[in-house]
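Protein chains in written order, with the working numbering: chain C, 1 to 312; chain R, 313 to 833; chain S, 834 to 1107.
Everything labelled a hint here was simulated from the structure, so no lab data went into it.
To spell it out: a stretch of chain C is covered by chain R in this simulated footprint if at least three of its residues, at any positions, have a beta carbon under 8 Å from a beta carbon of chain R; those stretches are: (1) 40–46; (2) 76–82; (3) 259–267.
If you want a taste of the chain R side facing chain C, the calculated C-beta under 10 Å gives, among others: (4) Arg351; (5) Phe357; (6) Pro487; (7) Glu490; (8) His493; (9) Ala554.
Computed from the model, here is a short list of chain R residues facing chain S with C-beta under 7 Å: (10) Met552; (11) Ala627; (12) Asn683; (13) Glu692; (14) Val707; (15) Arg708; (16) Ala709; (17) Asp711.
Just so it is clear, the structure is predicted and the values come from calculations on it, not from any experiment. Positions of the beta carbon are idealized from the N, C-alpha and C atoms, including for glycine.
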Amino acid sequence: MLRFAARRLLAALPVVAAVSVLVFLFLRASGDPAAELAGEDATPERLAAIRAALELDLPVWQQFLAWLGQLLHGEFGRSLISGDTVARMVGERLEATLSLALATILVSVLLGVGLGMLAARHRGGWLDRAVGLVCVGGFSVPSFVVGYLLVWWFAISLGWLPAQGYVRIGEDALEWSRRIALPAVAMSTVFLALIARITRASLLETLDQDYIRTARALGATEARVFLRVALRNAAVPIVTIIGVGFGVVLTGVVVTETVFNLPGLGRLVVEAVLARDYPVIQCVVLLFSVVYVLLNLVVDLAYAALDPRIRY
Amino acid sequence: MIGRRSVALGATALGVAGATRAAAQGRSVLRMAKTSIPRILDPHFTTSFTERDFGYLVYDTLFAVDKSYTPKPQMVERWEVSPDRLAYTFHLRPGLSFHDGAAVIAADCTTSIQRWAQRDGMGQKLAAVTERWQVLDDRSFRLVLKQPYELVLASLGKVGASVPFIMPERIARTPGTEAVHEFVGSGPFRYDPAASSAGVKLVFHRHAGYVPRAEPGEWASGAKRPMVDTIEWIEFRDGMTAVNALTNNEIDLIHELPHDLAPLVEAERDLRVMVHNEVGQLGFVRFNCLHPPFDNVQVRRAVALGIDQRAFLEALVGKPEYYQVCTSVYSCGSPYETQQGVPGFNLAAAREQLRASGYDGKPIVQFHATNSATAGPIGEVLTRALRDIGFTVDVRAMDWSTFTRRRLTQAPPPEGWNIACSTWTAPDVMDPVVNATLSGAGKQAPWGWPSVPEMEVLRERFSREPDAAERRRLAAEVQRLAYDQAIYMPTGTFKALAAFRSNVTGLFPAPALMLWNVGKR
Amino acid sequence: MTAALALARRHGALAVGGLLLAGFVLLALCGPWLGGADAQAMLPGQRLRAPSALHWFGSDRLGRDVFARVVHGSGASLAVGLAVALLSGLVGTLLGLLAGYVRWLDGIIMRVMDGVMAIPGIMVAIALVSVLDAGLGTVIAAIGINDIPRVARLVRGALLSLREEPYVEAATMLGTSGAGIVFRHMLPGVLAPLAVLCTHIAASAMLLEATLSFLGLGLPPDIPSWGNIMADGRTLFRVAPWIILFPGLTLASAVFAINLLGDGLQDALEARRG
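Chain C on its own, in the form it takes in the complex:
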């Protein structure tokens, strides 16, 4: 298992490296932030001066080497716009995004596995169809529409929850959960549907297996068999969703953080791309691709742990 992990990580290294280089070249080709910094009445001289000050006038390969050099010293550089260290900017935003992602997974796993079990138990019946419809519906509505509806209902009409914003869990855990609740629910619509489907499918597949038939034939009650199978199988969709859902999480995070005004990485990255704040984008992309590689490794290992038939 350890050898497998090491091999996978080594194989993933070129991916991360390639992604960084590609993003670097692509972005630098797309223009720089000098014009926006120079303002409404910018002159060519002013532009050139700003480029020189930010070292954007160097050849791209020199800029790349400089960045690489920084990276090897464990530094991510400074934002071209604010001058803050990228490490601080990303660090400040990490908690909100992580909270949102974890809360979303929690909500969607709880509801999704429940719905999936329900559908599988009543296979072919009207409950199964209803769950199916809910799932397709969850896939079909843009998440910002769900977000606006939730805020309007729970924060404005009922006044139960705050409409926006974030409070660090270390500051006030209760307030943290109140702030994260609505965004997590808004984001979980897609996942919920996904998890419910996977749960249903994997349950049905397992229920058809020989050993289950044997158990039934040996007189185990239907309910007992079902619960056993269901519980053992619940882990699989959770793991799958974490693997598959990474990209979807990030798309959702960008929108949800805007709707609920959460200070997270999604907003940071959109702003950075739009402002061509290279050091920030490069750092975040690097972070994302490393997380992606690690996540996939963990998912594969988890599969092996959950399903003894898989061996690496």
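Since the structure of chain C is provided, determine the placement of chains R and S on it from the hints.
Okay, now just chains R and S, sitting in the frame of chain C:
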């Protein structure tokens, strides 16, 4: 230097006393929402409106204009002008101190003004006629001019970005092409970088050592009293979310509330709306004068005739209380406001003018910024207006950052552009010199590059003219020429709103975000 | 025809989804006639009007008729879904076939696919849109690139398992050319799951277009789409909910139809196999 240190000690003592008092009373925090918060922060480095607003909280100015754009002394106690009008001597008020405790001395002022002058258009004009800045003693300094220049006080008190804010000398020595990263001012509020988070919120505390003027406050002039202990400036990209937060008592104030959301605020018993920035924001259409068809003044005139400000404002704002048809290139409320040379809307005449101009029907390229809350909708109405006049329009949509970059390219379309729009605020255009869009300097002018040499002569004469009545005449002449040559077209003024909870007191009309004298019950 | 009816009776989802989708395609094709009024016409003094006999879906903040825009917008929205599914389906299949059949290319192609998947799709899309002019082509490319790896993986995976099938081995032994084996014998085996995946890609592409519009990076206002109509009215949700509601409902039902079609297709295929 001894003087400086003793003041510093006094200020520190005051600071401690102030903090203790506030703690005893319970700290008052004003939570303010705005579409964006500044990221660069250095108000000399950029002409961005958010940095100007940040600057007004943190820094102070030598002079400041009241609402008639008359420069009033602010940090300056008194000043003298030599009879030949070539030397201005300024004396600072006593007791001025920076947030780090140091007293404000003359060298801070001369260095800051010279740094500001590297970037700002008005500053560059001032620098061009400046012989030298001379420190006389800790509290007095002198400006010696090469030639008479009548916009000295107007420049030092200018309220449009970038504003000549005063920083400590050690920071102001940074070249103007490099942004500074330490923000120490002598304004009513102290910036707290440790409590702030880039792109999320900025935190300011009362500058306990601030000595306000005795005169009543108006715009940036007169008394600027910090009335709350702490200001939190929070970014709300989404106006709807900000209104929700205000309704739920999660924030106290929204600066620049989108007009369409005003009814929601009005419907709540404990919320208020006011027209905060009456002189407002001005949309404008810019032509690329380097390439056909807009290198031909006849074609530009067709557009000038076909622009109906009312249509733009009605489409963008809707409610007449919140907008103003304003055809003066100096904005309405400026001392130079005039109706000289205004073409007047006439669609039939515009079509006829276009036919007569020899426009060949080739598509014109309009650059359009999709994610700008102001320039975006203006562009959409412009497209419509251009098609009504008879143009074939090719709309190139892009994000704001790309727009600011690509509009600077002087290459012909499709790489470059033919027509585009953007916005100013009123103080940015209040006279012929500060209004950079009036430049006729050809390729040296801002994007659009109109070449009208006569314009530069007129603007130069304006800046040297000591007589106020003659200056107004020259300004009218500049506007006549601007419209005759159709250098650019204003699309009307929309006023900015503020929404706040009823326990917020003292919010006053201002051309920028000004939060002194604003308290919380 | 009878066969189709029988199929429809057996697979309700397939029939309902297909019918709904056909309706939307019809709407898109006839849009310019059905919508009547000019989708760009700005009626002075008619801003933010609630739905009425004059404006069935109300009017937006520039006084444009939302119904006309929704009808005219169906073309662009469906085009995005269709084109993204086609683009990623074709390119992904080609890459998947190459990777699955040409052994030495396998490593290279799949590493590149991993690389593309490692960058969040929304970032690729934002970066592309901000580099190129915002237009139909840009949005399609920006969204399509993200889905290529999904298709490539599916095709390659299926191919690897098919390679072991006796009939493919037989064909190889009989001396059929490489390309012949791939296209005549292996591709048909992949087509069914590919069709299902493509419906899901089309559905999510339409949603992603709305998301890009939400960020101000979607189609230019010149080309109305359900996404950018909603994005235009997004901050007015509590003032003029109709600007979001009607295109939102339309988008949701179109996506719903495509998803239903995909699910039905999957069920039908499973039933045939089982």
